[in-house]
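Taken in sequence, the protein lines are chains U and F. All residue numbers for the first sequence refer to the numbering used here, where the first residue is 1 and numbers rise by one. All residue numbers for the second sequence refer to the numbering used here, where the first residue is 430 and numbers rise by one.
A portion of the hints provided could be inaccurate.
Think about it this way: if two alpha-carbon atoms lie no more than 25 angstroms apart in a straight line, the pair counts; the simulated DMTMM-like pairs of lysine to aspartate or glutamate are [stated by the list, open to error]:
1) 467(F) <-> 255(U)
2) 146(U) <-> 615(F)
3) 71(U) <-> 433(F)
4) 694(F) <-> 450(F)
Think of the hints as simulated: they come from the structure by calculation, not from any bench. Note that the coordinates shown come from a computational prediction; the quantities given were computed from them, not determined experimentally.
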Amino acid sequence: MMSDIAIQATNLGKRYQLGALGTNYRTLRDTIVDTFTLTTQALLRTGERTKTRAEANHFWALRGLSFDVKKGQVLGVVGRNGAGKSTLLKILSRVTEPTEGQAEIHGRVGSLLEVGTGFHPELTGRENIFLNGAILGMKRAEIAAKFDEIVAFSEVEKFIDTPVKRYSSGMYLRLAFAVAAHLEPEILVVDEVLAVGDAEFQRKCMGKMSDVAQQGRTVLFVSHNMSAILRLTQETMVLDKGQLLMRAPTQEAVDFYLSSGYSRQGERVWEADEIPMSAAPFKPIAIRVRDLRGRVVETVRSTEPFQVEFEYQLAQPLTGLRVGLYFVSPRGEPIFTSFDTDEPSQYEQHSARKAGHYFSRCSVPANLFNEGRLVLGVNASSFKIKRYFQDEQALVFSVDGTGAPGSQWAEPRQGPIRPALDWKIEVHS
Amino acid sequence: MSEETTLIRASSGWVALNLKDLWKYRELVYFLIWRDIKVRYKQAALGVAWAIIQPILTMLVFSTVFGKFGKLPTDNSVPYPLFTLAALLPWTLFANALQRSGTSLVGSANLITKIYFPRLIIPISSVMAGLVDFSISILILIGTMIYFKVPFTWNMLWIIPFTLLTLVTALAVGLWSSALNVRYRDVQQMIPFLVQVWMFASPVAYSAQLITDRKWQIIYGLNPLAGIIQGFRWSLLGGTPPGELMLLSSAVMLVLFIGGLYYFKRMEKTFADTV
Numbered sequence: 001m002m003s004d005i006a007i008q009a010t011n012l013g014k015r016y017q018l019g020a021l022g023t024n025y026r027t028l029r030d031t032i033v034d035t036f037t038l039t040t041q042a043l044l045r046t047g048e049r050t051k052t053r054a055e056a057n058h059f060w061a062l063r064g065l066s067f068d069v070k071k072g073q074v075l076g077v078v079g080r081n082g083a084g085k086s087t088l089l090k091i092l093s094r095v096t097e098p099t100e101g102q103a104e105i106h107g108r109v110g111s112l113l114e115v116g117t118g119f120h121p122e123l124t125g126r127e128n129i130f131l132n133g134a135i136l137g138m139k140r141a142e143i144a145a146k147f148d149e150i151v152a153f154s155e156v157e158k159f160i161d162t163p164v165k166r167y168s169s170g171m172y173l174r175l176a177f178a179v180a181a182h183l184e185p186e187i188l189v190v191d192e193v194l195a196v197g198d199a200e201f202q203r204k205c206m207g208k209m210s211d212v213a214q215q216g217r218t219v220l221f222v223s224h225n226m227s228a229i230l231r232l233t234q235e236t237m238v239l240d241k242g243q244l245l246m247r248a249p250t251q252e253a254v255d256f257y258l259s260s261g262y263s264r265q266g267e268r269v270w271e272a273d274e275i276p277m278s279a280a281p282f283k284p285i286a287i288r289v290r291d292l293r294g295r296v297v298e299t300v301r302s303t304e305p306f307q308v309e310f311e312y313q314l315a316q317p318l319t320g321l322r323v324g325l326y327f328v329s330p331r332g333e334p335i336f337t338s339f340d341t342d343e344p345s346q347y348e349q350h351s352a353r354k355a356g357h358y359f360s361r362c363s364v365p366a367n368l369f370n371e372g373r374l375v376l377g378v379n380a381s382s383f384k385i386k387r388y389f390q391d392e393q394a395l396v397f398s399v400d401g402t403g404a405p406g407s408q409w410a411e412p413r414q415g416p417i418r419p420a421l422d423w424k425i426e427v428h429s
Numbered sequence: 430m431s432e433e434t435t436l437i438r439a440s441s442g443w444v445a446l447n448l449k450d451l452w453k454y455r456e457l458v459y460f461l462i463w464r465d466i467k468v469r470y471k472q473a474a475l476g477v478a479w480a481i482i483q484p485i486l487t488m489l490v491f492s493t494v495f496g497k498f499g500k501l502p503t504d505n506s507v508p509y510p511l512f513t514l515a516a517l518l519p520w521t522l523f524a525n526a527l528q529r530s531g532t533s534l535v536g537s538a539n540l541i542t543k544i545y546f547p548r549l550i551i552p553i554s555s556v557m558a559g560l561v562d563f564s565i566s567i568l569i570l571i572g573t574m575i576y577f578k579v580p581f582t583w584n585m586l587w588i589i590p591f592t593l594l595t596l597v598t599a600l601a602v603g604l605w606s607s608a609l610n611v612r613y614r615d616v617q618q619m620i621p622f623l624v625q626v627w628m629f630a631s632p633v634a635y636s637a638q639l640i641t642d643r644k645w646q647i648i649y650g651l652n653p654l655a656g657i658i659q660g661f662r663w664s665l666l667g668g669t670p671p672g673e674l675m676l677l678s679s680a681v682m683l684v685l686f687i688g689g690l691y692y693f694k695r696m697e698k699t700f701a702d703t704v
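Please model the entire structure based on the sequences and the hints provided.
Following this line, the structure appears as structure tokens:
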């Protein structure tokens, strides 16, 4: 029987053990000690007590999630860090099992959870294409048939017999994506592949993605890139804390997502479960928008300077740390990026930072932004060494354009910025 | 158009083996073995020559220490080098498989946490990867047999079922150790020690016929390798067939294998979360 449903999820839930997140594996001693403690507790007290302790030790990354995806539908999934997006994709691609509920999947699932999985640095490009294809579930004949196409797409023809450890990261990525993109499953599950690579590569990936969508295949697309979500999907689900907040036509869902949740009065405070383990020793605390008088505000006036304040802690000293802001339009187009140590003298003074409590404050001059909404992203990283923390949608705030240059004409001005520029008008008569 | 339907839900208790799925991914076994071998010899100056050097050197060392100095008796009075080489063949296949499969799941963590495929493929392919070295060792054995003028007989074909038994035994132990190692990293510390002890408990350097006490024979037979190795010797060099010993060894192996499969399948669903 053919149904027109590709994915039907009912009451999906996934519970993780909290201890298992910090230390990924246990030693025999841990188990012996735990078993002993639990048994003693059970003997000394009632079983009830032991159970509550066990309950407190885990959390639900996903709970009570029900939805369906029609065949040929391209469904977007958005949500903050820790909303359960990745867990959902992992369940659907059968990497991990749900704790409760079920999902019925009609058709072969291909996942782009991370491109290049299973690539071996010692093997050549050619060898890796076959290996990676097999890992992704392709038959040997299938790979051989698509081999030329994959190589052409990746643009690494010349180096196809070179070990991939000699590839540049761009070449590596292109080859990896090329293999994954030629998988041709009936259902494609994509997570953030577009966040990597240069602009040209991203354009190519987007092209491939819309091809897939237009061929009538089902796509589940998770991204932080709102413009990609808007371009590729008709419908989008918003997840928060493991639950489905809303499912609506994409424009509506994205508006809801951007304007809810984060922008509580111009301040965003990160809760413990929103900070990934990998962020340590960096711990984000809050980001705030402050007006001329230092008040935390949701709306700033375009004619006045304002300040963006990023508060964080370092549990250990860090060298080369830079903390920065992305100013992005609501459609996901970057406007500009700025780091706290962009200025060479600042860099000299603050490239090594002691453990402690920090504020990085950025002053934004008056007459810079156009009226409208702005998305602020944050990034804390050591250049080319490690990205400690990143949140592309940390905060959303509004710019009020009253009195902005040209506001004597009641017409909208295009573009995200609206600078006051110096005009000279000369008359030659 | 035929369409596959997958039901994703929490599995419990005895999980079906899902052999269909395993069969669907059979090519992956081939590619993983191929990758292991390619990578193993890729940056070694002597390359594949290592597969020849190792068994020959081991045979020489054993012959000198146990045969020449120790003067250990052999079955059927065959020359000691041949006697130990016939045992080293299954033993090396087993020991390598055990060493590789123990860390196989943890070593493939990046695959396991990102892509679905039957997890059994990982220990299976790391056990099978030893077959290439094994085939090379067979050639060395044939050469040694010609050197010592040992006649070739049809009886030698018995090594095929004995090789299969070696693989199954290695897989049985590999299933246990790889799955346990995901949870308890103690296992990978234990494996080298286990291999060492296991070798002394197996008739590699000496003959199982040295054990004459009935009670000890039974205890000895609990080691599945004891039966297999004696079986190898018997099929290649003649002597008494390892009937009783083999029966006991096979039974132990079967229990170990079925238990290993069960444990592996039960732990399988948590691999991605704990590895």
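Hints, verified against the model:
1. 467(F) <-> 255(U): Between residue 467(F) and residue 255(U) the Cα gap is close to 52 angstroms, so the pair fails against 25 angstroms, i.e. violated.
2. 146(U) <-> 615(F): It is violated: about 44 angstroms lies between the C-alpha atoms, which goes past 25 angstroms.
3. 71(U) <-> 433(F): Holds. Residue 71(U) to residue 433(F) sits at ~14 angstroms (cutoff 25 angstroms).
4. 694(F) <-> 450(F): Given that 25 angstroms is the threshold and the Cα spacing comes to 13 angstroms, the pair holds.
Checked against the numbered hints listed earlier, the structure breaks hints 1 and 2; every other hint is satisfied.
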